[in-house]
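Colleague: Residues per chain, in single letters:
There are 2 protein chains.
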Amino acid sequence: MGEFDLIARYFKRPVRRSPLGVGDDCALLAPAPGMQLAVSTDLLIEGRHFLSTVDPRRLGHKCLAVNLSDLAACGAKPLAFTLGLALPQADEAWLAPFAQGLLALADTHGCELVGGDTTRGPLAISITVFGEVPTGQALLRSGARPGDEVWVSGTLGDARLALEVFRGTRQAPQAVFEAARERLECPVPRVSLGLALRGVASAAIDVSDGLVGDLGHVLAASGVGATLRAEQVAALPALALSVQDRLDFALAGGDDYELAFTAPAAARDAVLAAGRASGTAVHCIGVIEAAPGLRLVDAAGHAVVRPVAAFDHFA
Amino acid sequence: MGEFDLIARYFKRPVRRSPLGVGDDCALLAPAPGMQLAVSTDLLIEGRHFLSTVDPRRLGHKCLAVNLSDLAACGAKPLAFTLGLALPQADEAWLAPFAQGLLALADTHGCELVGGDTTRGPLAISITVFGEVPTGQALLRSGARPGDEVWVSGTLGDARLALEVFRGTRQAPQAVFEAARERLECPVPRVSLGLALRGVASAAIDVSDGLVGDLGHVLAASGVGATLRAEQVAALPALALSVQDRLDFALAGGDDYELAFTAPAAARDAVLAAGRASGTAVHCIGVIEAAPGLRLVDAAGHAVVRPVAAFDHFA
Numbered sequence: 002m003g004e005f006d007l008i009a010r011y012f013k014r015p016v017r018r019s020p021l022g023v024g025d026d027c028a029l030l031a032p033a034p035g036m037q038l039a040v041s042t043d044l045l046i047e048g049r050h051f052l053s054t055v056d057p058r059r060l061g062h063k064c065l066a067v068n069l070s071d072l073a074a075c076g077a078k079p080l081a082f083t084l085g086l087a088l089p090q091a092d093e094a095w096l097a098p099f100a101q102g103l104l105a106l107a108d109t110h111g112c113e114l115v116g117g118d119t120t121r122g123p124l125a126i127s128i129t130v131f132g133e134v135p136t137g138q139a140l141l142r143s144g145a146r147p148g149d150e151v152w153v154s155g156t157l158g159d160a161r162l163a164l165e166v167f168r169g170t171r172q173a174p175q176a177v178f179e180a181a182r183e184r185l186e187c188p189v190p191r192v193s194l195g196l197a198l199r200g201v202a203s204a205a206i207d208v209s210d211g212l213v214g215d216l217g218h219v220l221a222a223s224g225v226g227a228t229l230r231a232e233q234v235a236a237l238p239a240l241a242l243s244v245q246d247r248l249d250f251a252l253a254g255g256d257d258y259e260l261a262f263t264a265p266a267a268a269r270d271a272v273l274a275a276g277r278a279s280g281t282a283v284h285c286i287g288v289i290e291a292a293p294g295l296r297l298v299d300a301a302g303h304a305v306v307r308p309v310a311a312f313d314h315f316a
Numbered sequence: 002m003g004e005f006d007l008i009a010r011y012f013k014r015p016v017r018r019s020p021l022g023v024g025d026d027c028a029l030l031a032p033a034p035g036m037q038l039a040v041s042t043d044l045l046i047e048g049r050h051f052l053s054t055v056d057p058r059r060l061g062h063k064c065l066a067v068n069l070s071d072l073a074a075c076g077a078k079p080l081a082f083t084l085g086l087a088l089p090q091a092d093e094a095w096l097a098p099f100a101q102g103l104l105a106l107a108d109t110h111g112c113e114l115v116g117g118d119t120t121r122g123p124l125a126i127s128i129t130v131f132g133e134v135p136t137g138q139a140l141l142r143s144g145a146r147p148g149d150e151v152w153v154s155g156t157l158g159d160a161r162l163a164l165e166v167f168r169g170t171r172q173a174p175q176a177v178f179e180a181a182r183e184r185l186e187c188p189v190p191r192v193s194l195g196l197a198l199r200g201v202a203s204a205a206i207d208v209s210d211g212l213v214g215d216l217g218h219v220l221a222a223s224g225v226g227a228t229l230r231a232e233q234v235a236a237l238p239a240l241a242l243s244v245q246d247r248l249d250f251a252l253a254g255g256d257d258y259e260l261a262f263t264a265p266a267a268a269r270d271a272v273l274a275a276g277r278a279s280g281t282a283v284h285c286i287g288v289i290e291a292a293p294g295l296r297l298v299d300a301a302g303h304a305v306v307r308p309v310a311a312f313d314h315f316a
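Chains as they are written, first to last, in our numbering: chain A, 2 to 316; chain B, 2 to 316.
Simulated from the structure, these hints should not be mistaken for laboratory data. Beta carbons: idealized from backbone N, C-alpha and C, even for Gly. All the pointers check out, no bait thrown in.
Computed, partial: chain A to chain B, Cβ under 7 Å:
1. D25
2. A28
3. L30
4. D43
5. G122
6. T129
Looking at chain A on its own, in the form it has when it is part of the complex (with noise of 0.2 Å):
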């Protein structure tokens, strides 16, 4: 099976709304009046960001699941997306999976594979995906205020608990694995609560690295710092973990893919709604202050010191 023909079966669908979609040099996109074009692109490689044993239909929901994650948090509604593939060989029993499971989650968003680029290589997997938000409504990482409550929606701590098993530093009954599994490779992008925050929240960021850092990324656009309550925080996991897991996942889990949003204390009825709206479970975690840095407390108020970091992939 050469190039054009992989590309032909597995990738090549009628395309609905883009006025050009795969096969020609470009892809052509026409964003509606008053609305601006939200970009983002994720680079995900074996063994790096997921395994070469994945299952490859959970791998295709995945590697578009990040990126709409990236538009969930801006507030950004999903329309098309491109995809780069560097293939070890074409392996039909690997294509037809993968391409189920990332167009099966495509077609959920209304999200059209429009353009591409297939090659012979480490397997590595890009995709850059297209949003659309009413200009000036996106949701930035900036607009974080003193006072503003600090959310966080679903579970987080979770997909850690497998990567930990995995490496086999943690062990779990067969049914926790299984969950904690699902939740590591077929996460669920909160592309409905982020276009029900547009207006309410006031900053947001999807956590794909751990909270601490890229809450951190929000404090730091922002201008201000936060303390969190570490008892919420270690409410956040949905699976039965130790005491100190809880807390240490919840906070530097990685690969979570829920949003972490500030809100105006004012507006906390209106983030309730935009929770039961897009049926995602939002917790207040704490609160933002002026001073800079990122605290944590008991329910005494007193310092809670956890050894935990951001994931960097140079560090």
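With chain A fixed as given, assemble chain B onto it according to the hints.
Modeller: Chain B alone, transformed into the frame defined by chain A:
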């Protein structure tokens, strides 16, 4: 040096036109009213698209050049790009010249780096480029009509000589090799010509995998065939090559990054004017016909048969 330091040091620059550049979950783009956004993606892999020994400055140039070439083939004006970069290590002696080569070409075309992703992994570079083109004016592959003339910009086949010298199948004097290597490693995207061909060319494509294969995409998309004159094709290489190599390298060289395009015979003067206006040589090499297939003829009209094929990454 960590991932975020790396981005900040080499790739974060003031963004002038994009509403939001590097450093948030998404970049925001807003094409001007009446414009469509043209999007193209390329993925370059060490050992497949470039040698590990290539000058990183030239590699930075080429990674963006091959994407700008796709915009040129659509008649789109470059606006912005995203960069996905997998690196074995954060090596400043490599990153600094790579970024310089990349950003120098970007500046030449007013094309802003608006987002990206860096990770550790086997060296891979994924660029998605954005351009704008007035709605309905993009040059497509599907517009060639019987009677149109077939044109090629610049020179074809010279880059292939460098590749064959690297492979050890050809020898060349040092000055000839250096010129061929410059063509291979530093292609000049025909952006100005693409813009000048709006409203003039009936179809266009960029020649990256060889003329036979790429022109073949135009013929297939347009539902037509073509006859090329061997004498004109063999005149396309600029460098001193054997008679057989001239024809074969021009037909199936690879890495040319010239434009192949078609235009009605009545538009000949307009094509020549577009070439002059953009400072790019243009050569008429054949004619579009209703009969499917690509034919090659000598000056007497007799068929010329050459065993050439397009480059296919999975063949």
